[in-house]
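Following the hints, put chain B in place on chain A, whose structure we already have.
Listed in order, the protein sequences are those of chains A and B.
Going by our numbering, 607 is the number at position 390 of the first sequence; the sequence numbering is gapless.
Going by our numbering, 591 is the number at position 374 of the second sequence; the sequence numbering is gapless.
Keep in mind the hints are simulated off the structure, nothing from the lab.
Note that the structure is a prediction, hence the values are computed from the model and not measured.
Please note: incorrect hints may appear among the correct ones.
[Said to hold, decoys possible] Simulated pairs of lysine to any residue, SDA-like, Cα-Cα distance not exceeding 25 Å:
{"#": "1", "chain 1": "A", "residue 1": "Lys341", "chain 2": "B", "residue 2": "Gln598"}
{"#": "2", "chain 1": "B", "residue 1": "Lys612", "chain 2": "A", "residue 2": "Gly656"}
{"#": "3", "chain 1": "A", "residue 1": "Lys372", "chain 2": "A", "residue 2": "Phe465"}
{"#": "4", "chain 1": "B", "residue 1": "Lys354", "chain 2": "B", "residue 2": "Pro326"}
Number of protein chains: 2
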Amino acid sequence: MLRTHTLGEISEKIIGQKVKLCGWIDTIREHGKVIFFDLRDRYGKVQCVIVKSNESFENIKKLGKESCIKIEGQVNQRPKGSENPDLASGRVEVFIDSVEVLGKASQLPFEIDEKDIGEEIRMKFKFLDLRTEKMQKNLAFRSEVARAVREYFLKNNFIEIETPLLVKPTPEGARDYIVPSRVNPGKFYALPQSPQLYKQILMISGFDRYFSLAKCLRDEDLRQDRQPEHTQIDFEMSFVDSEDIMNFVEDMYRYVFDKVLGVKLGKFPRLTYEESMKKYHTDKPDLRKDKNNKKEFAFCWIYDFPLFAYNQEEGRWEPEHHMFTSPQKKYVDDLEKEPGKVRGELFDVVLNGVELGSGSIRINDPDLQERIMKVVGMSKQEAKKKFGFLLEAYKYGGPVHGGMGLGFDRLVALMLGYNDIREVIAFPKNKAAQNPMDGSPSDIDKKHLKDVHVDVRITEKADKKTVKSKKKTRKR
Amino acid sequence: MLRTHTLGEISEKIIGQKVKLCGWIDTIREHGKVIFFDLRDRYGKVQCVIVKSNESFENIKKLGKESCIKIEGQVNQRPKGSENPDLASGRVEVFIDSVEVLGKASQLPFEIDEKDIGEEIRMKFKFLDLRTEKMQKNLAFRSEVARAVREYFLKNNFIEIETPLLVKPTPEGARDYIVPSRVNPGKFYALPQSPQLYKQILMISGFDRYFSLAKCLRDEDLRQDRQPEHTQIDFEMSFVDSEDIMNFVEDMYRYVFDKVLGVKLGKFPRLTYEESMKKYHTDKPDLRKDKNNKKEFAFCWIYDFPLFAYNQEEGRWEPEHHMFTSPQKKYVDDLEKEPGKVRGELFDVVLNGVELGSGSIRINDPDLQERIMKVVGMSKQEAKKKFGFLLEAYKYGGPVHGGMGLGFDRLVALMLGYNDIREVIAFPKNKAAQNPMDGSPSDIDKKHLKDVHVDVRITEKADKKTVKSKKKTRKR
Chain A
218 MLRTHTLGEI SEKIIGQKVK LCGWIDTIRE HGKVIFFDLR DRYGKVQCVI VKSNESFENI
278 KKLGKESCIK IEGQVNQRPK GSENPDLASG RVEVFIDSVE VLGKASQLPF EIDEKDIGEE
338 IRMKFKFLDL RTEKMQKNLA FRSEVARAVR EYFLKNNFIE IETPLLVKPT PEGARDYIVP
398 SRVNPGKFYA LPQSPQLYKQ ILMISGFDRY FSLAKCLRDE DLRQDRQPEH TQIDFEMSFV
458 DSEDIMNFVE DMYRYVFDKV LGVKLGKFPR LTYEESMKKY HTDKPDLRKD KNNKKEFAFC
518 WIYDFPLFAY NQEEGRWEPE HHMFTSPQKK YVDDLEKEPG KVRGELFDVV LNGVELGSGS
578 IRINDPDLQE RIMKVVGMSK QEAKKKFGFL LEAYKYGGPV HGGMGLGFDR LVALMLGYND
638 IREVIAFPKN KAAQNPMDGS PSDIDKKHLK DVHVDVRITE KADKKTVKSK KKTRKR
Chain B
218 MLRTHTLGEI SEKIIGQKVK LCGWIDTIRE HGKVIFFDLR DRYGKVQCVI VKSNESFENI
278 KKLGKESCIK IEGQVNQRPK GSENPDLASG RVEVFIDSVE VLGKASQLPF EIDEKDIGEE
338 IRMKFKFLDL RTEKMQKNLA FRSEVARAVR EYFLKNNFIE IETPLLVKPT PEGARDYIVP
398 SRVNPGKFYA LPQSPQLYKQ ILMISGFDRY FSLAKCLRDE DLRQDRQPEH TQIDFEMSFV
458 DSEDIMNFVE DMYRYVFDKV LGVKLGKFPR LTYEESMKKY HTDKPDLRKD KNNKKEFAFC
518 WIYDFPLFAY NQEEGRWEPE HHMFTSPQKK YVDDLEKEPG KVRGELFDVV LNGVELGSGS
578 IRINDPDLQE RIMKVVGMSK QEAKKKFGFL LEAYKYGGPV HGGMGLGFDR LVALMLGYND
638 IREVIAFPKN KAAQNPMDGS PSDIDKKHLK DVHVDVRITE KADKKTVKSK KKTRKR
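Chain A extracted, bound-state conformation (with noise of 0.2 Å):
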């Protein structure tokens, strides 16, 4: 190691004592014939001083802050009166013996705790954006409610399972990534939009709890909650109705923000889709008694959604949450009559007006599904061509199941107090896609074309175009 502690470690507890300390020159401030300066990393600030009879005096003196440097000294009690009640680290400082440079720093693009810095500029030199408190913060704390969310589900019998990141083109609300295949010429893979159809399978297959906090990706136009990837909580369980899956949600966010936070979340209201329209005219209501609060979290459920939505523009029916959602009981017989009327095994959580996930029952029985593809005027053929092989499987003895997605990096962000999930992501995309820093997306050479089949092909326009076919996507 090259150091003895980390800088959270240093206080009155190791005076008199020897150290190999490493970290980052956060301040500095020279007064003639002695130096100060504030040394920084993951756990802290610690104050040391450099005298000018140590031959390293003028070398500190040159370096930039922001530099990366190790030091070797002696922990000393400050002298009354300069003591720092807001440092940790205090009422002590450390007397240089030697430093050596690990890494020096070049003129700084931004001074790092500047707060009108451009968005822009904060992602191009998002290594220096990342050494801000905040966000040193925000992805421990991330990191935190990962292990909090992993706890919970492991405690209560589930299995993590990865699903694939290169799946068949998925028939889901948004647009595919897609990536061409070599040793298949002229097919391509899909990413996935969530492991709903693997979930679904992965019941089928008799693991009757899964989870996984699994990538996400949509290639939708980008807005403050919208990335192209996303972090999902996505979880499915067998033998359950609608309120086992939603009591059991209630108690992993209450493990979770106690766990974390220290909070400790009361029952969740539940309101029927109808009540909710009509009291709040919106299904996403914001319960908190002072709207700008922060530090509130106002969490609810909304269930008995319609199961579909009539589409004007197309004039027909479509499914409010997916395909695969299973009518509630009294609903089937008739459901072929009055579409608008039938209601859903189907459930949204709401935190603080922000939906963070849908839920639902989802149908097992292939006859069942059939009939919902029809009143939704998919064809047997096009059903088989999307997402044949699941309604394959179910003819194998599917169990009753439901299940989640809840959007992860939006928890992380709410609980922190933000409405923009790029605070809580290491390495978020701008609104046009492209990472700043590494400056993705990028041009690739043509023989990597060729080896995958593909050429680059630019109609006019053809971006403006695309950007208007989106549409309302749901978690699940």
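Structure of chain B alone, referenced to chain A:
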């Protein structure tokens, strides 16, 4: 809940109780006026009895094996002499009151436990293959290994950080999968071969301990231990040397083997590359006493690898590991003189003759990085294009750091005694990189291709030609 107990909870302890159970019909025997069948779920098997007077008798008779049902009944002691010592529930049976069919099974394409079923048909009906005791165990085991790995990193103050899936095409050994951008016509993302560049950026960002179980995608030709996508235990640490990393990883494996298998691993032998080559004629020696013993786990470290390997074909030096591996200090001054003599801060961990992963201390000095690039004949321009953002980032205070990428699928497979990683993957691809179950990769409609500005272009035998250009790739 549709059930009161899982089938693992049925035993003598609850004799006399009324229960509701769900599961699949495993075996079925008709004895005139009585039918016996085993009901199966993830947790166990239970013998059920239904008599002719029961109204569901005829229904059960007609049901195929692997149908999914729910029953209500009473747990009874089995008649003396009919106990089954092989089953945890072998002293009891459930006398059925009523049966509800949840999902009928059609004629099965194969008997689930039959051994001589071709790989391809098992993959096509993966949902049946996954019902076998073997696959149920394997995936649950994989989840337990992942859990133990995460526990170890988290208790050692590592932060789990998600790196992006849509990235800049990477300068690694294998071929990238590429994804056309819709919003940026003619531009492409790559899918990550590993989080290598991003974890180095995270170190520059001050996260001194990062890990993730990362999905890595490589467009290579497939073989037993290679899949288009695999999972890697990926981590990076700042302010450490090679020794620290090796000790840390050794402790990690020790923790995981103890936790999941109850196996206490001894100290891992360490061999220099030269020693290993001399003694075993390989850098992946199998140090088991009995090479066929799948329950013996012989780890070792190989270190002191050459930094460069000479590519005879192309007449030039290339990195043995990757461009970012640091040479050992004593070779730095003269590395241009005799590149073949330079040893790297580079080490491999090997288990039973299989390389689990490579690690190294990275170069954090931009000047040294430039010299290395010169030795391998990479121009500044090329370097800038390929990973300029990383070289740029090191100009702002990069710490000393290193890490490893450790094959996770391979680890799980070896722990269970398999050579083929497909035994521990829920939805693997076949050797043609296809998934026979979902039919991926598949055709994409023209409109979608147009949206993302590409065209299919199949040149004669294009696929044959490209197969050749593969290279030896190593883990990182």
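Unsatisfied constraints (hint numbers, rising): none
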